[in-house]
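Construct the entire structure; sequences and hints are all you get.
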Amino acid sequence: NLSLMCYVSVGSPADPLIEFMINRGMEVVEEYEPTRYPHATKIFVNGSWVGVHADPKHLVNQVLDTRRKSYVQFEVSLVRDIRDREFKIFSDAGRVMRPVFTVHQEDDYENNITKGQLVLTKDHVNRLAQEQAEPPANPADKFGWDGLIREGAVEYLDAEEEETAMICMTPEDLELYREQKNDEATLTEEEKRAKQEAEKREQEEDRNKRLKTKVNPTTHMYTHCEIHPSMILGICASIIPFPDHNQ
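In this note's numbering, the protein residues as written are 33 to 279.
You can trust all of the hints, since none of them are fake.
Derived Cβ-Cβ restraints for the label pairs, each shown as a range:
| no. | residue 1 | residue 2 | range |
| --- | --- | --- | --- |
| 1 | 169 | 68 | 57 to 67 Å |
| 2 | 66 | 44 | 27 to 37 Å |
| 3 | 229 | 66 | 49 to 59 Å |
| 4 | 236 | 143 | 38 to 48 Å |
| 5 | 54 | 140 | 28 to 38 Å |
| 6 | 57 | 262 | 34 to 44 Å |
Below, simulated BS3-like cross-link-like pairs (lysine-lysine); rule was C-alpha separation at most 30 Å, straight line:
| no. | residue 1 | residue 2 |
| --- | --- | --- |
| 7 | 101 | 174 |
| 8 | 147 | 227 |
| 9 | 232 | 147 |
| 10 | 101 | 89 |
| 11 | 120 | 74 |
| 12 | 89 | 213 |
Worth flagging that the hints you see were computed from the coordinates, not collected in a lab.
As the structure is a computational prediction, the values presented were derived from the model and not from experiment.
Virtual Cβ for every residue (Gly too), placed ideally from N, Cα, C.
This is the structure:
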């Protein structure tokens, strides 16, 4: 049962990716000495063990950054398993993927970016709306959906990568989550209780409102946001493919 907006990967060559990682400190598996790097992370490309890296977080961030800047095909999947010390990359054909909005994971004060904000901005939306009203004369100048992918505002996740993602349902939930995380740090216990009571009364007054999941204070940060909550539903019978996701 395919989800809405689903896409099936057509495959792309893996050799440039392997070269890229070798140039960024990956030690190829033939030269690996377990005694020298006992806690190194293994790197797999399309199921084949190609090497190890002593600083996996830095490597994952670099590869992810190249994908979001479109130096690497958008359909390449990156899965880091921290517990098993594995970093798996998939670029083969036949993987079912679906698009989601990306979320900033770091503060960037120079560009006025706050951690937890959507990468998608009002400028992107206004540009798309303007294109809808007045299509550009030259098709090459069109921004469109591909433009959002090039800007890193939209990312395609396959089933493996989705297991490592934390996805919220709407941008409003993302904003609420940021507010509540700030409240956790600044409000007293009494103020928190008063706020919870007010939210409970508001929910009882309007019984048709969508029930929102309670913020789990142990959640580190959302990594992605649904384009629309209905996007997790299937095409045919509206069956939910990931009912236990984010657990």
